[in-house]
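Taken in sequence, the protein lines are chains A and D.
Per the numbering used here, the very first residue in the first sequence carries number 141; after that it's consecutive.
Per the numbering used here, the very first residue in the second sequence carries number 141; after that it's consecutive.
FYI, nobody ran anything at the bench for these hints, they're computed from the structure.
One or more hints might be untrue.
Any copy, or any two copies together, can satisfy a pair, since identical chains are not distinguished.
With a cut-off of at most 25 angstroms between alpha-carbon atoms, the simulated SDA-like pairs for lysine to any residue come out as follows [claimed, not checked]: (1) K332 / N169; (2) K293 / T183; (3) K417 / L400; (4) K392 / G204; (5) K256 / A187; (6) K452 / D347; (7) K293 / N185.
Number of protein chains: 2
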Amino acid sequence: MSRVTLSHGDGGAFSAQLVQNLFLRYLWNPYLEHLSDATILPTPNRALAVTTDSFVVQPVFFPGGDIGKLSVCGTINDLTAGGARPMYLTAAFILEEGFLLSQLEQIVASMAQTAKECDVAVVAGDTKVVPRGQADGIYINTTGIGQVYRGLKLSPREIQPGDAIIVSGTLGDHGIAVLSEREGLAFETQVKSDCAPLSSLLSAVEDLFPAVRWLRDPTRGGAAASLNELAQAAGADIILQERHIPIRPQVKAASDMLGLDPLTLANEGKMLFVVQKDSAADLLNMLQAHPLGADAVIIGTVASGSGEVLMKTEAGGTRLVEMPAGIPVPRIC
Amino acid sequence: MSRVTLSHGDGGAFSAQLVQNLFLRYLWNPYLEHLSDATILPTPNRALAVTTDSFVVQPVFFPGGDIGKLSVCGTINDLTAGGARPMYLTAAFILEEGFLLSQLEQIVASMAQTAKECDVAVVAGDTKVVPRGQADGIYINTTGIGQVYRGLKLSPREIQPGDAIIVSGTLGDHGIAVLSEREGLAFETQVKSDCAPLSSLLSAVEDLFPAVRWLRDPTRGGAAASLNELAQAAGADIILQERHIPIRPQVKAASDMLGLDPLTLANEGKMLFVVQKDSAADLLNMLQAHPLGADAVIIGTVASGSGEVLMKTEAGGTRLVEMPAGIPVPRIC
Numbered sequence: 141m142s143r144v145t146l147s148h149g150d151g152g153a154f155s156a157q158l159v160q161n162l163f164l165r166y167l168w169n170p171y172l173e174h175l176s177d178a179t180i181l182p183t184p185n186r187a188l189a190v191t192t193d194s195f196v197v198q199p200v201f202f203p204g205g206d207i208g209k210l211s212v213c214g215t216i217n218d219l220t221a222g223g224a225r226p227m228y229l230t231a232a233f234i235l236e237e238g239f240l241l242s243q244l245e246q247i248v249a250s251m252a253q254t255a256k257e258c259d260v261a262v263v264a265g266d267t268k269v270v271p272r273g274q275a276d277g278i279y280i281n282t283t284g285i286g287q288v289y290r291g292l293k294l295s296p297r298e299i300q301p302g303d304a305i306i307v308s309g310t311l312g313d314h315g316i317a318v319l320s321e322r323e324g325l326a327f328e329t330q331v332k333s334d335c336a337p338l339s340s341l342l343s344a345v346e347d348l349f350p351a352v353r354w355l356r357d358p359t360r361g362g363a364a365a366s367l368n369e370l371a372q373a374a375g376a377d378i379i380l381q382e383r384h385i386p387i388r389p390q391v392k393a394a395s396d397m398l399g400l401d402p403l404t405l406a407n408e409g410k411m412l413f414v415v416q417k418d419s420a421a422d423l424l425n426m427l428q429a430h431p432l433g434a435d436a437v438i439i440g441t442v443a444s445g446s447g448e449v450l451m452k453t454e455a456g457g458t459r460l461v462e463m464p465a466g467i468p469v470p471r472i473c
Numbered sequence: 141m142s143r144v145t146l147s148h149g150d151g152g153a154f155s156a157q158l159v160q161n162l163f164l165r166y167l168w169n170p171y172l173e174h175l176s177d178a179t180i181l182p183t184p185n186r187a188l189a190v191t192t193d194s195f196v197v198q199p200v201f202f203p204g205g206d207i208g209k210l211s212v213c214g215t216i217n218d219l220t221a222g223g224a225r226p227m228y229l230t231a232a233f234i235l236e237e238g239f240l241l242s243q244l245e246q247i248v249a250s251m252a253q254t255a256k257e258c259d260v261a262v263v264a265g266d267t268k269v270v271p272r273g274q275a276d277g278i279y280i281n282t283t284g285i286g287q288v289y290r291g292l293k294l295s296p297r298e299i300q301p302g303d304a305i306i307v308s309g310t311l312g313d314h315g316i317a318v319l320s321e322r323e324g325l326a327f328e329t330q331v332k333s334d335c336a337p338l339s340s341l342l343s344a345v346e347d348l349f350p351a352v353r354w355l356r357d358p359t360r361g362g363a364a365a366s367l368n369e370l371a372q373a374a375g376a377d378i379i380l381q382e383r384h385i386p387i388r389p390q391v392k393a394a395s396d397m398l399g400l401d402p403l404t405l406a407n408e409g410k411m412l413f414v415v416q417k418d419s420a421a422d423l424l425n426m427l428q429a430h431p432l433g434a435d436a437v438i439i440g441t442v443a444s445g446s447g448e449v450l451m452k453t454e455a456g457g458t459r460l461v462e463m464p465a466g467i468p469v470p471r472i473c
């Protein structure tokens with residue numbers, strides 16, 4: 141049997157085979173030993189962070205990653221942005237009848253590898269199969285549980301005029317990688333998704349935690365959405381310097397061609413930091429010393445204001461960076 | 141706007157509106173105040189139980205419930221079966237473009253009501269929208285976190301020959317309710333799904349916890365799958381008494397007509413208990429005193445053996461109750 145059948149999702153013998161021969165082969169850990177209705181985990185000694193995300197990216201495989209890697213990175217990055225060390229994930233699959241088992245295996249292997257890199261255990265799972273035509277191959281939900289770091293106090297209310305805004309690397313890579321793969325666009329240089337788990341990037345800057353006021357991984361809606369949410373919640377303006385915003389030339393070219401603003405494109409391996417002015421240089425150095433922060437840069441500052449995101453353009457003007465509304469880029473994550 | 145559009149899922153302004161005007165209107169609690177990437181929860185003082193499930197039931201509304209109620213009950217019941225008191229849920233929606241917002245509202249209201257009844261907070265959420273034809277209306281993932289009860293030691297290894305097997309009520313109601321609604325079958329009396337959250341049923345029998353050895357809510361694959369898993373894991377036989385198995389006459393009639401065994405049909409508001417022989421009568425009394433356990437009954441016993449489920453038939457014979465394999469009843473939960 142090389143394809144997913146409805147009986148893989150009915151809770152009977154075929155479901156059990158799929159769990160044993162595929163999911164547990166890659167994702168086994170002691171917590172899964174009993175395969176009970178609920179998995180029992182040790183009593184945590186810190187506050188918990190919890191986040192959930194479904195992944196419906198299309199295509200399922202794209203330059204730089206696949207839906208499996210993405211589903212682990214996305215949830216790890218949300219926990220990281222919440223100021224927590226990721227510990228546990230759950231993974232729930234909605235499979236379309238007929239999906240190739242070999243592709244499912246690749247995806248699960250990719251999840252397992254990413255989770256292992258981050259020392260995160262997949263502690264519970266679920267599989268549902270829907271008849272052909274009622275899904276598009278595979279959808280994955282991952283829910284994450286982490287332990288909140290000591291010494292981090294993250295909130296839009298913590299930010300102050302003068303704080304620096306740092307991004308850990310180039311913007312828009314994931315959006316362009318997925319779009320160009322989906323639309324069959326060929327650029328001179330292939331753009332790869334930045335899909336990566338950022339938990340180690342945050343733990344690398346632990347010494348500076350008291351100076352870090354806010355974190356966000358700018359996924360759907362891109363940096364434009366994240367920074368607008370911050371500005372509104374903080375009741376402060378954010379002033380970006382266009383010339384400092386890191387965008388790969390091929391991402392810029394593709395965005396121009398497609399009529400898209402890279403600031404509104406999804407990223408899956410980038411973190412935005414708001415940091416106290418005096419610690420900005422130190423944070424930048426620490427980030428740049430980490431493989432996932434090599435291109436980190438200060439892109440702007442917080443200013444008193446009414447909650448707008450403004451961009452000082454290279455031409456010397458100022459433009460409003462709006463909250464993106466109604467962007468027709470479905471299934472980017 | 142009366143239908144879900146792609147922009148409700150793009151992380152921008154329409155997504156934010158959907159969250160504010162619909163999800164938060166019904167599901168708000170203090171944990172959701174910041175709407176951050178991850179929700180911060182207090183440090184638990186017990187071991188955690190975690191479970192995840194996606195719900196793809198078709199039709200979305202059925203006699204006795206809907207996908208919203210089901211998605212909360214299913215996860216609460218898995219935590220309960222894990223010996224835990226449910227505390228938090230996450231809710232992630234995959235919506236098909238064009239799905240009626242009024243139906244989404246009914247579903248979310250139904251989730252909110254069920255969660256409230258159980259004193260469970262929905263602490264994180266996610267919405268994705270896929271283009272028309274890439275899902276069937278709505279799929280919901282709920283992941284649950286609970287605190288493990290003291291004094292319960294649940295494991296197939298705990299069960300002993302002579303232990304009693306109790307079911308909290310009639311079997312097969314959910315399966316028949318959904319199938320008959322889906323297929324447009326009309327029976328003399330409408331069969332309602334038993335969809336109900338069982339957390340209060342377990343807390344009602346707390347005094348007997350040391351005598352309770354195993355719990356399971358028999359959903360997909362029904363009691364036949366749950367009891368076969370138990371028998372295999374325990375390396376013991378389970379002997380059922382057909383005349384004691386509670387099945388509503390209309391469920392029996394519908395099952396006969398459809399050629400289905402009620403033991404293999406899904407339940408969504410029933411719990412199987414294995415309890416020490418001497419405490420079986422007390423457990424039965426306590427269950428029967430609870431509205432969700434009024435029809436509780438002892439249906440069998442554990443016997444030494446090689447891991448089979450056997451049924452003493454009303455005709456006086458013995459038949460093997462097999463692990464269901466390849467049942468073509470997709471999207472029952």
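Outcome of the hint check:
1. K332 / N169: Answer is neither; intra-copy 31 angstroms and inter-copy 40 angstroms both fail.
2. K293 / T183: both (23 angstroms within a copy, 16 angstroms between copies)
3. K417 / L400: neither (32 angstroms within a copy, 69 angstroms between copies)
4. K392 / G204: within (18 angstroms within a copy, 54 angstroms between copies)
5. K256 / A187: both (23 angstroms within a copy, 23 angstroms between copies)
6. K452 / D347: neither (32 angstroms within a copy, 68 angstroms between copies)
7. K293 / N185: Classified as both; 18 angstroms inside a copy, 23 angstroms across copies.
Violation of the numbered hints given earlier is confined to hints 1, 3 and 6; the remaining hints are satisfied by the structure.
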